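With the sequences and hints as input, model every part of the structure.
Protein chains: 2
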Amino acid sequence: MDDILLMLPGPTTVHPRVLNAMSQAVVNHRSKRYGEILTETNELMSKMFQTENQSYLITGSGTAVMEAGISNVLNAGEKVLNVVGGKFGERFKKIADAHGIKTQELAVEWGTAVTPEQIKEALDADESIKAVSVVHNETSTGVAAPIKEIGKVMKNYDALYIVDTVSSLCGDEVDVDKYNIDVCVTGSQKCIAAPPGMAAITYSDDAWAACENVDSHTFYLDMKAYRKSGNKDPAETPYTPSVSLTYAMNEALKMIDEEGLDKRVARHHKAANATVAAAKALGLELFADEKVSSATVTALKIPEGLTDSDFRGTIRDEFGVELAGGQDHLKGNVFRIGHMGNISYKELFQTFAAMGIYLERNGIVEDGAAGVSSLVKSYL
Amino acid sequence: MDDILLMLPGPTTVHPRVLNAMSQAVVNHRSKRYGEILTETNELMSKMFQTENQSYLITGSGTAVMEAGISNVLNAGEKVLNVVGGKFGERFKKIADAHGIKTQELAVEWGTAVTPEQIKEALDADESIKAVSVVHNETSTGVAAPIKEIGKVMKNYDALYIVDTVSSLCGDEVDVDKYNIDVCVTGSQKCIAAPPGMAAITYSDDAWAACENVDSHTFYLDMKAYRKSGNKDPAETPYTPSVSLTYAMNEALKMIDEEGLDKRVARHHKAANATVAAAKALGLELFADEKVSSATVTALKIPEGLTDSDFRGTIRDEFGVELAGGQDHLKGNVFRIGHMGNISYKELFQTFAAMGIYLERNGIVEDGAAGVSSLVKSYL
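Chains as they are written, first to last, in full-length UniProt numbering: chain A, 1 to 380; chain B, 1 to 380.
Note that these hints are calculated values from the structure, not bench results. Source: prediction; values computed, not measured. Backbone N, C-alpha and C define an ideal beta-carbon position, used for all residues, glycine too. Take every hint as true, because none was put in to throw you off.
In silico negatives: residues of chain A with every beta carbon more than 12 Å from chain B: (1) Glu43; (2) Gln118; (3) Asp126; (4) Glu149; (5) Lys152; (6) Lys178; (7) Ser204; (8) Asp233; (9) Ile364.
Calculated cross-link-like contacts (lysine-lysine; reagent style BS3-like; alpha-carbon spacing at most 25 Å): (10) Lys301(A) with Lys32(B); (11) Lys232(B) with Lys87(A); (12) Lys331(B) with Lys32(A); (13) Lys232(B) with Lys94(A); (14) Lys87(B) with Lys232(A); (15) Lys224(B) with Lys331(A); (16) Lys291(A) with Lys87(A); (17) Lys224(B) with Lys102(A); (18) Lys120(A) with Lys291(A); (19) Lys301(B) with Lys280(B); (20) Lys87(B) with Lys32(A); (21) Lys47(B) with Lys148(B); (22) Lys331(B) with Lys224(A); (23) Lys331(A) with Lys32(B); (24) Lys228(B) with Lys87(A); (25) Lys87(B) with Lys228(A); (26) Lys224(B) with Lys94(A); (27) Lys224(A) with Lys87(B); (28) Lys232(A) with Lys331(B); (29) Lys301(B) with Lys32(A); (30) Lys263(B) with Lys291(B); (31) Lys232(B) with Lys331(A); (32) Lys87(A) with Lys224(B); (33) Lys178(A) with Lys155(A); (34) Lys224(A) with Lys94(B); (35) Lys120(A) with Lys178(A); (36) Lys102(B) with Lys224(A); (37) Lys228(A) with Lys94(B); (38) Lys232(A) with Lys94(B); (39) Lys228(B) with Lys331(A); (40) Lys32(B) with Lys87(A).
Written out as C-alpha cells, the structure reads:
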C-alpha cells in the first residue's frame, strides 16, 4: 500500500512530516491551542494566495470550496460567465445551475485555453454578467488558463473574478491581489501536498460586498459564518473542522514556506518541461496545446495499439507507479502524469523508466531509454 | 498538547490505533484499494446504524450531514416540524430556513425532552407536515430524546422521520430500522471516537423516494450524487474524500465492532450513571431533567460563588482535564462532562478527582473525595 508512487493530478504523495503532524492527538476545536494553529494556517494560506485578505479553511473537497466560492456572491437569477474547457470548468457551471444562478458558458475546446480577448468580448457584449469563473489549471486536459492576463481585463469591469486554483496554487504562479482575483479557492491534496479533505478560500473586499447582498443558499458553506468565526480571537470555524487535517495543512504549508514559494513554483515548471520533453522523446503526443500546457499535470495521448487498462495497469502493478486516466470522453484515449507537490527528478525517472520499458517491450518505441535520457538533459 | 484529557461532548480522545491508521500513506481515491476500504467502512456504518440500507460517508462536519439529511428530502415550501430544545435542534431549523423549507418549531424547554405525544398532536393538527426533525442527543443540554418511542408514533404517519444521532450513535441505543427512522446522520468525533471532519448518513426507501422529487438545493451535499458513486463497484465518493479520515473511521468502527455495539452502549450508560451519581455526591446539580439525561454527556450547573473561567481554566491548566462550557444562553452557568467514545472508569476518576480537589479548595464542598468515592461504588 505504501509503495505505490502517486503520479496523479492529486492526491499526491504526502511527506512523512505531514503524516506525523496529522497523527498528533486531537485537541478541542474551540480551544486556544487550536485557534493558534488555525490562525497560523490561515495566515500561511494568505501568504500562498499572495493576498492581503484573510483566508479561511473549509473541511471538504475542492468541490465544496468551489460551491462556497460561487454560491455566496451571486443571487439566484444573477448571471455568471463560466469558462468551460474541461471537467472542472463544467463543474463550476453545474454548481451555479444547482443554485439557480444564471449561467452563460464560454466554451473552449478541450486541450486549449481561453484567451483574455474572449473574456473581454463576452463582458462587452453583456453588461448583466456579474461574475466570471475560470479554472486556472484544468487537470482533465492539462491546460493552464492565462489568469494573470485575464486579470488585466477583469480590472476594467465590475464583474467579480472567481478563480479555481485547486490544482495550481503553490505549483504555478498565482498572485491573487496582483491578478485582481476576487474569489480564489484551492484544495489540500494537490500542489500543497497535504492529504485530501481540506480546502481554502479567500475573498476580496468586492467579493464580501457582493456576499452582503446575497441570501446564502447553503448553511454549511455560508461564507459569512466562516468570516464571523474566523475573525474571532482565537480564530474558530463555524462548524467542527477536521482538526487532524488542519495539523496536516499547517505542516505542509510550513514545508512550502521553508522551500520558498518561488522556488517551489520553479521546481514545478522544471518538472513540467522535463516531462513534456521526455514524453516527446518517447514519441508520445501531448493532448494539450503545448503553449498552454500545465505546470502541474501533463495529459498525453495513449499510443495506438495500446489499451489504457493494460498500459496503466502494468505500470502500476509491475512498476508501482500510478498514472491517471482520462476523464469523461477522454477516458481510454488520454492518460495524465501529475507532477505536483513533492515530485522532483527522481520520481520522474522512475515514471519514465517504467513507461520506457513498457513501450519498448510492446514494440511501440525502439529506444525505451529515450525518456530517461531526455530527463538527464533536462536536469543537467 | 498530548496530555490534555478531553472530557468533551466531542471531539473525544482518539485511540493511537486510529491515529496510526490515519497516518498511513494516502492512496488514490479512485483506486480499487480505496473502494474496498470505503465499502467496508460504509458497511460498518450500516451495522452501527442498525439498518439494512446503505450508508454513505461525507467529508465535513456533523452540520454538513444535517444539511444533506434535510435539504435533499424536502422542497422549498414544504413543511418540516423541527423539535427545538437546544442548540442543535435550532440548527436543524436554521438549515431548513436557509433552504426555503417551511419550518414549524416544536419548542421544548432546554433541559427537558420532547414527548411522543407532543409529536403526535402536532402531526394530527397539520397534515401538511412532510417531515419531523429530532436531535437524539442534545449535547447543549445533556438531554436524550425518546427516539424509540417517537418512532412508534411516526410509523402511523407518512411524514419522514429525520434523526440527528451525531453525539449518540455507538454510545446510546439507536436502531434505525426498528425505530422507523428515514434519515439518520452522525459524525466521526463523538461516540465513534475518530477525529472530527467525517460524517455519515443513511436513507430509508421512503427518504429516497422523497429525494427523487426534490431538486437538490446544493451540489456538494447532493445525496443522489453520493448514491450514484457509492453504488459503483468499487464504491466511490462523488468528490474527493478525506482518504486519511476514511482510514481513521474504518479503524475506529472496527474497534467498536471488536468491543461489541451492545457492550459499548452499556459502557456509556454505566459512565453516565456513575457521572450523575458522583456529581450529586459533590453537591452538583444536574441541568437536565434526570429522567431524560443523556448517556454520553452530562450538563451540570456551575455552583454559586464560582466563575466558569476559573473553574474550567484551573481544571484544565492544573489538572489537564478539559471540560466543556455552556452554549449560548447557558454560557457561564452550565458546564458539561462528555463521557463518550473511549472514556471508561479511569478518566472519570481523574475528572472527579480534579473537580473534588478544586471544589474543596474553594470551600464549595467539605469532602472533595465524595465524587471519587461515589465512582468506586458505581464501578464495584
